[in-house]
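J.: The hints should help you fit chain B onto chain A, whose structure is shown.
Protein chains in written order, with our numbering: chain A, 1 to 92; chain B, 1001 to 1236.
Careful, some of the hints might be misleading.
Unchecked claim - DSSO-like, lysine-lysine: derived pairs with alpha carbons at most 27 Å apart:
# : chain 1 : residue 1 : chain 2 : residue 2
1 : B       : K1111     : A       : K13
2 : A       : K13       : B       : K1216
3 : B       : K1155     : A       : K32
4 : A       : K68       : A       : K86
What the hints assert, rightly or not - A few chain A residues that don't get close to chain B, going by computed Cβ distances all over 10 Å:
#  : residue
5  : P19
6  : V20
7  : S38
8  : I48
9  : D49
10 : A52
11 : R70
12 : V75
13 : N78
If you're looking for bench data, these hints aren't it; they were derived computationally from the structure. Backbone N, C-alpha and C define an ideal beta-carbon position, used for all residues, glycine too.
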Amino acid sequence: MNSFIVEIVMTLKSAARDPVAETIQRDLIAKKGYNMISNIRSGQYLKIDIEAEDMNSAKEIIIEMCNKLRIFNPVTQNLNILNVSKKNSREL
Amino acid sequence: MNIKIAVIQFPGSNCDLDTLYVLNNVMKIDAELVWHKQFDGSKFDGAVLPGGFSFGDYLRAGIIAAHSPAIDQARQMLNDDKPIIGTCNGFQILTEAQLLPGALLQNDSLKFICKWIRIRVDNNQTAFTNKMGLGDILDIPIAHGEGRYFTEKLKELEENNQIVFRYVNESGEAEENANPNGSLENIAGVCDLEQKCVGLMPHPERASETILSPEKTVHGKLFFSSMLNFIERNVK
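Pulled out of the complex, with its shape left as it was, chain A reads as follows (with noise of 0.2 Å):
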C-alpha cells in the first residue's frame, strides 16, 4: 500500500446562486479596480491522506465515499477532484 493525498472541492451548482462569491467579487475586487475579474464561484476544499495500491484506485474511493456519505450534495453540488498525488513526494 502507498500513502496519497487527494484533494477535492465542492462548488454550488451553475443554477444555484452563489453569494460568497458575489460578495467577494462585487464588494472587494470589483472596488478595488480588479475589473478584468468577471466572474467568481467559491467552494468547500477538503484535503484528504489515504492509503491505496495506486493514485486510481486512491481516487476512486474518494468519489465512491463522497457519493455513498453524501460529503457532497448532488442537489446542489458538483464535486471536482483537483489533485491526487503521492504523499511522500509532496510532504517528507
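T.: Below, chain B without anything else, positioned relative to chain A:
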C-alpha cells in the same frame, strides 16, 4: 387512544425543549424527548425533528444528523403512515436524508436572519396543514443562516403539489421583498409525495402562544392540531 409524539434530540438541537413544552403544555399532547441514537419509531405515532445546529452544522447543516439511526426509524415511520415534521434544522436534516426534496443553502444576504415573517399555505392536504385553509396567511418566526431553498426539480414539485408554504407579503403575494433568504419561488416548506412528511424553515413552536407573538396570533398550533387530526383519522 393515547397519541404519543417523539421530539428527536440530536447533539446541537436547541429548539427541542421549546417544541416539547408546546406539545405537552399548550397542545396537551403526550410527547417525549428522545435521544437520536435511542429513538424507536414503533413506540410513537409521530415525530418532530426540532431546530438547532445538529453536529455544529459541520460540512453542511443537517448532513451528519442525516446519517443517524434515527433517520432509518423516521423512514420506517413514514412507511407505517406516521407523520413527521422537520422545522428549521429538522427541515435541513430531512432534505439531506432525502426524505424531502431539494436542499437549503446559505441565505443570499449571508446573514443569520431572526424575525417574524408571513407564509402562505399552498397545500392544506398534508399531515401538518389539514386544519389550515388553502391560501391562509400565517404569522411565524424564522431564525436561520441556511434557509435558501433550492431544487432543480421545481416543475415536478409543482405538479405533485409538494410546495406547502411560500413566504408572502401582507396581501399574500409571494413577491421578492417578502422573500427573506433568496429561496427559489419563495418556497418556505415542502412535503414528500405522500404528504405525511413536511419540512419548513419557520418555527411553529415559537408561534403557539400569544405571549410570544407580536400579532397575538397562535398559528403555530395549527401544525400540531393538524398532526393530531391526521393521526386520529388514520386510526379510524
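J.: Confirm or reject each hint.
T.: A quick look at each hint next to the structure:
| no. | hint | result |
| --- | --- | --- |
| 1 | B:K1111 x A:K13 | holds (21 Å) |
| 2 | A:K13 x B:K1216 | violated (42 Å) |
| 3 | B:K1155 x A:K32 | violated (41 Å) |
| 4 | A:K68 x A:K86 | holds (25 Å) |
| 5 | P19 | violated (5 Å) |
| 6 | V20 | violated (7 Å) |
| 7 | S38 | holds (21 Å) |
| 8 | I48 | holds (13 Å) |
| 9 | D49 | holds (18 Å) |
| 10 | A52 | holds (23 Å) |
| 11 | R70 | violated (6 Å) |
| 12 | V75 | violated (4 Å) |
| 13 | N78 | holds (12 Å) |
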